[in-house]
Amino acid sequence: MQELIQAAQAALTSKEAAFIIGYALTPDGKKTRPFIARTPDEAAKLVFNHTCAHNLAVYLTRIAKPKEGKMGIVAKGCDTRAIVALIQENKITRDQVYIIGVNCSGVTADVTLPFGADNLPSKCIMCQVQVPPVSDVLVGTAAPYDKPKDAVTERMQLLEAMNEHERFAFWASEFEKCIKCYACRQTCPMCYCEQCIVDKTVPRWIESSASLRGNFSWNMIRAFHLAGRCIGCGECERACPMDIPLMLLNRKMGMVAMQQFNYRHGVNPEEPTLVGSYNMQDNNEFFK
Amino acid sequence: MQAMKQFITTDEKLRQLVHALSKNAWNIISAGKEGTNFIYINDGKDLVINADSKPTKLSAKEFFFPKTEPLFFYKKNHDGVDLLDPKDVLRKTVLFGVKPCDAAAVPVMGKVFNWDYKDEFFNRRVEQTVIIGMACSYSDVYCFCTSTGLSPESSKGSDVFLKPAQNSSYIAEAVTPKGEAFVVEFSSFFDAANENDVKLLLNSPKGPEKKFDANQVKQWLDGHFEDPLWNEVGETCLGCAQCAFTCPTCHCFDIVDESCGYNCGRRVKNWDGCQFGLFTKHASGHNPRGHQPERYRQRISHKFKYYQDKFGEILCTGCGRCTRGCPVGIDIAEIAQEINKRNSVLV
Amino acid sequence: MENIYKPELVEILDVIDETPDIITFKLKFKDPEYHKEFNFLAGQFAEYSVFGEGECTFCIASSPTRPDFLECSFKAAGKVTNAMRRLQTGDTMGLRGPYGNYFPVEEMKGKSVVFIAGGIGLAPVRCVIWNVLDLRDQFKDVTIVYGARSVADLVYKRELEEWKQMPSVKTVVTVDPGGETPDWNGEIGFVPSIVEKVAPNAENTVAVICGPPIMIKYTMPVLEKLGFKEENVITTLENRMKCGVGKCGRCNVGNVYVCKDGPVFTYKQLKELPEEY
Ligand SMILES: Cc1cc2nc3c(=O)[nH]c(=O)nc-3n(C[C@H](O)[C@H](O)[C@H](O)COP(=O)(O)OP(=O)(O)OC[C@H]3O[C@@H](n4cnc5c(N)ncnc54)[C@H](O)[C@@H]3O)c2cc1C
Ligand code: SF4
Ligand code: SF4
Ligand code: SF4
Ligand code: SF4
Ligand code: SF4
Ligand code: FES
Numbered sequence: 001m002q003e004l005i006q007a008a009q010a011a012l013t014s015k016e017a018a019f020i021i022g023y024a025l026t027p028d029g030k031k032t033r034p035f036i037a038r039t040p041d042e043a044a045k046l047v048f049n050h051t052c053a054h055n056l057a058v059y060l061t062r063i064a065k066p067k068e069g070k071m072g073i074v075a076k077g078c079d080t081r082a083i084v085a086l087i088q089e090n091k092i093t094r095d096q097v098y099i100i101g102v103n104c105s106g107v108t109a110d111v112t113l114p115f116g117a118d119n120l121p122s123k124c125i126m127c128q129v130q131v132p133p134v135s136d137v138l139v140g141t142a143a144p145y146d147k148p149k150d151a152v153t154e155r156m157q158l159l160e161a162m163n164e165h166e167r168f169a170f171w172a173s174e175f176e177k178c179i180k181c182y183a184c185r186q187t188c189p190m191c192y193c194e195q196c197i198v199d200k201t202v203p204r205w206i207e208s209s210a211s212l213r214g215n216f217s218w219n220m221i222r223a224f225h226l227a228g229r230c231i232g233c234g235e236c237e238r239a240c241p242m243d244i245p246l247m248l249l250n251r252k253m254g255m256v257a258m259q260q261f262n263y264r265h266g267v268n269p270e271e272p273t274l275v276g277s278y279n280m281q282d283n284n285e286f287f288k
Numbered sequence: 289m290q291a292m293k294q295f296i297t298t299d300e301k302l303r304q305l306v307h308a309l310s311k312n313a314w315n316i317i318s319a320g321k322e323g324t325n326f327i328y329i330n331d332g333k334d335l336v337i338n339a340d341s342k343p344t345k346l347s348a349k350e351f352f353f354p355k356t357e358p359l360f361f362y363k364k365n366h367d368g369v370d371l372l373d374p375k376d377v378l379r380k381t382v383l384f385g386v387k388p389c390d391a392a393a394v395p396v397m398g399k400v401f402n403w404d405y406k407d408e409f410f411n412r413r414v415e416q417t418v419i420i421g422m423a424c425s426y427s428d429v430y431c432f433c434t435s436t437g438l439s440p441e442s443s444k445g446s447d448v449f450l451k452p453a454q455n456s457s458y459i460a461e462a463v464t465p466k467g468e469a470f471v472v473e474f475s476s477f478f479d480a481a482n483e484n485d486v487k488l489l490l491n492s493p494k495g496p497e498k499k500f501d502a503n504q505v506k507q508w509l510d511g512h513f514e515d516p517l518w519n520e521v522g523e524t525c526l527g528c529a530q531c532a533f534t535c536p537t538c539h540c541f542d543i544v545d546e547s548c549g550y551n552c553g554r555r556v557k558n559w560d561g562c563q564f565g566l567f568t569k570h571a572s573g574h575n576p577r578g579h580q581p582e583r584y585r586q587r588i589s590h591k592f593k594y595y596q597d598k599f600g601e602i603l604c605t606g607c608g609r610c611t612r613g614c615p616v617g618i619d620i621a622e623i624a625q626e627i628n629k630r631n632s633v634l635v
Numbered sequence: 636m637e638n639i640y641k642p643e644l645v646e647i648l649d650v651i652d653e654t655p656d657i658i659t660f661k662l663k664f665k666d667p668e669y670h671k672e673f674n675f676l677a678g679q680f681a682e683y684s685v686f687g688e689g690e691c692t693f694c695i696a697s698s699p700t701r702p703d704f705l706e707c708s709f710k711a712a713g714k715v716t717n718a719m720r721r722l723q724t725g726d727t728m729g730l731r732g733p734y735g736n737y738f739p740v741e742e743m744k745g746k747s748v749v750f751i752a753g754g755i756g757l758a759p760v761r762c763v764i765w766n767v768l769d770l771r772d773q774f775k776d777v778t779i780v781y782g783a784r785s786v787a788d789l790v791y792k793r794e795l796e797e798w799k800q801m802p803s804v805k806t807v808v809t810v811d812p813g814g815e816t817p818d819w820n821g822e823i824g825f826v827p828s829i830v831e832k833v834a835p836n837a838e839n840t841v842a843v844i845c846g847p848p849i850m851i852k853y854t855m856p857v858l859e860k861l862g863f864k865e866e867n868v869i870t871t872l873e874n875r876m877k878c879g880v881g882k883c884g885r886c887n888v889g890n891v892y893v894c895k896d897g898p899v900f901t902y903k904q905l906k907e908l909p910e911e912y
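Keeping their order, the protein sequence lines are chains A, B and C. Residue numbers for the first sequence follow the numbering used here, so the first one is 1 and each next one is one higher. Residue numbers for the second sequence follow the numbering used here, so the first one is 289 and each next one is one higher. Residue numbers for the third sequence follow the numbering used here, so the first one is 636 and each next one is one higher.
Pulled out of the complex, with its shape left as it was, chain A reads as follows:
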């Protein structure tokens, strides 16, 4: 990936970027993981391949902002949506980030298995941004790949066909499994609150126990806090050790935002956020 390395080295050498958040190979050479390059030498380790599933935008709000220079980041098309969303939410400004957009040919769902139609995360199956829409420099090539039917969409249809009792029972059985590890929150680029509502103790809004009651409040409140904000990267579901289908919730919220308000988050950095704006033409039907 010479092109990527050159772009990163150029940004570091010119001091345009203070560091580059990217991917590097693990020592076994078989997979990648997040890596922060601070020098041109370190940037030589950067790679991009089918195992680069992580949405690195999560680090933009976790890492200390540099005193000089921008935060450089390697971003797939889907990841740039998170960056744009963070700009829309005033967490970062466009000129604080230096985006090395990578043209993407899909990533794996399970990094230990070969890339292919049967090893694709839902985000790649549904992907419409193989070429990042926003970037400061664009590298790589986007090759077409076979996309199977999206299992999440199918499951969603099943869920929508259920009545409310069935649906409640479905979610109860899923949330029962939650262990409150907060991996969903920690991997989510849009979960950046300095103090998350689950950690507030005076008063305590959400029981910290991983009991059904505490789990319901946690998972539902997180879904609500991401309504119209989730950019669909699927990191939460990928991180969840208990395989809870969190994307079903997030996808639904996104669909409602689209149907009711014709809004999609993380597309236009200039556009006001859905929750942060009011429009007289907004659909008010749900106030009953």
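These aren't lab readings, by the way, just hints derived from the structure by calculation. Hints may be right or wrong, so weigh each one.
Said to hold, decoys possible - Simulated restraints on C-beta separations: (1) B:D340 with A:A143: 31 to 37 Å; (2) A:Q195 with C:K746: 45 to 51 Å; (3) A:S173 with B:E322: 16 to 22 Å; (4) C:T700 with B:N411: 33 to 39 Å; (5) C:D769 with A:Q195: 43 to 49 Å; (6) B:G573 with A:L212: 55 to 61 Å.
Said to hold, decoys possible - Partner residues are not named here, just some residues of chain A that face chain C (Cβ under 10 Å, in silico): (7) I197; (8) T201; (9) P203; (10) R204.
Using N, Cα and C, we set each Cβ at its ideal position, and we do this for glycine too.
Guided by the hints, dock chains B and C with the ligands onto chain A, whose structure is given.
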């Protein structure tokens, strides 16, 4: 040392055993299909005994140290408060098909729950449970039991240990007195094994290759509380508790009150983890481990040094779960390997 | 089943407002037998609970030489401490303990003692002070240096006066510059410089020091200059705790569990630990 008492049983007999246990009101837990999770069963046909299966998502620790457990209940009345111990009566429990990396974790955790003060919440569950361990022939890139002093055939922590033999039979070793009593109580499902039976044993599983030397890791940790390595490995950690909660040996917990109204409620013990930023934060705002690399250093140091200093055990059985599930691919075995490398450079 | 997490019930006998945000509770076990058998040593701590809110850790601020009641002084900092602030005389709380190690009062006998405290750091020191004063003839010189941000922030004001009146104790109370009131007759200045001024003799002397990290940081070099050896300077740590009994894994500093192996450490011991407190 007295030779371990050996018995022979079969797949069919174990399924019948489930039936007998169920009739006697035992709690029966088996590793789930495809190793997804442990499940409660009542019917022999649901028993999963599969040496090849992938480790379950959650380890078996939840049966000894549940993710949330009531410590007592309180009721306020006009002249004070009444405190009531949890009244739940634990049923006798049997855990089938526990892998060596899960079973070994039980006595390892037992050390911290029993030095000086005794945590009877943990102990009573251990006492009520018969752990039927099983040799493991699964191994993936994440497994490293052989680097933590265990092997796919370690019976540490098991009460009864099964090794697969020909014709869907198993050689069962009664490892502890509790295990022996269990086999005796259900002797119709276990026959004494003779020399010929033992010859039926399948070849020992090879297990994962040894990835690092845990003693050398400890040696390095003894002198490297401050080291650039911590920033390198901890900088990208996102600070969740996936690694701690899925780990069979992590035992940290929080204690919180939950009310069910103004006058009553309970105090519970909930899983907690040292990678959370709030874990050590003082009420004053001061945080002894204020940054992720410091928290990650705690994780590695606790596993390979502190616990050994204090309790003589490595706080890791090499199950690989923390790495298998880490959203950013942080690999504990690889870090130990890296430490080994740095150690040999120094020596 | 023995339940190490279940507290005993205590009744609040008295509520004393020390400063705008520090309160002292006087407590007695509801079960008189239990109260009689409850033994502790200066420096130990306990887990106090408000049912429905949770537990938190405070040192036992009263002296074992005064067994009629227990005292704790706390600062409203978070969930439980704010709930405690709303409690009144006659209310019921929970208490488990005593936990942890203690100040080596036995070994201090026959020696001089210097107490240095800042802010609410006087709470754990106060129990040793009374312990020593109640056995006054078994110790040589006793010096107390206590400082707070302002006059309003001084805790145990009545006792400070009492100590000042005692001819057998040298008591110096100071407030940070700017924290004095027009009628303030004590010292003005930060604790480290006052210690330097008081210049206690290090010969055969033990120093007990507790306060904000910044105060300790600047007082240590002063003590060193005065000739105090690290093994004769004793302090107490406040790592965050939950269980208090070496189980929950929260309080460790390296391979030391502060709740079991501490909270009392000599400076020599602290220097050997990783800096994680
Ligand atoms: C051995 C030992 C002895 C001690 N002795 C004393 C003593 O004598 N006196 C004393 O006063 N203290 C003492 N402490 C400290 C005391 O334990 C803590 O102050 C107390 O536990 C705080 O409990 P809490 O439930 O009120 O705070 P918590 O609610 O548990 O608050 C803890 C954390 O939450 C944060 N937090 C709390 N509330 C809020 C909020 N509203 N918004 C944002 N963040 C919040 C805090 O910053 C802190 O990180 C001692 C500690 C130890 C370990
Ligand atoms: S909620 Fe999940 S899918 Fe949505 S932005 Fe966060 S991590 Fe991505
Ligand atoms: S990642 Fe899954 S198990 Fe963990 S808190 Fe989120 S929903 Fe629960
Ligand atoms: S699972 Fe990974 S990201 Fe989460 S705390 Fe553990 S090491 Fe860090
Ligand atoms: S530290 Fe990781 S590999 Fe070791 S026992 Fe825990 S989860 Fe398994
Ligand atoms: S590694 Fe962390 S979470 Fe696990 S037992 Fe140690 S301190 Fe606790
Ligand atoms: S407070 Fe729980 S281990 Fe020390």
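Against the structure, the hints come out as follows:
1. Distance hint for D340 (chain B) and A143 (chain A): a CB-CB separation of about 36 Å, consistent with the stated range 31 to 37 Å.
2. Between Q195 (chain A) and K746 (chain C) the beta carbons are some 48 Å apart, a value that agrees with the proposed interval 45 to 51 Å.
3. One distance hint, 16 to 22 Å for the beta-carbon pair S173 (chain A) and E322 (chain B), holds here, with the actual separation near 18 Å.
4. The hinted window of 33 to 39 Å between T700 (chain C) and N411 (chain B) holds, with their beta carbons roughly 37 Å apart.
5. For the pair D769 (chain C) and Q195 (chain A), the supplied restraint of 43 to 49 Å holds, since their beta-carbon distance comes to about 45 Å.
6. A C-beta distance of roughly 34 Å is found between G573 (chain B) and L212 (chain A), which places it outside the suggested range of 55 to 61 Å.
7. Here the hint on I197 (chain A) is broken, as its CB sits about 15 Å from the closest CB of chain C, past 10 Å.
8. The restraint placing T201 (chain A) at the interface with chain C holds, with a minimum CB-CB distance near 4 Å, inside the 10 Å limit.
9. With its C-beta approaching chain C no nearer than about 8 Å, P203 (chain A) sits inside the 10 Å limit, and its interface hint holds.
10. The restraint placing R204 (chain A) at the interface with chain C holds, with a minimum CB-CB distance near 7 Å, inside the 10 Å limit.
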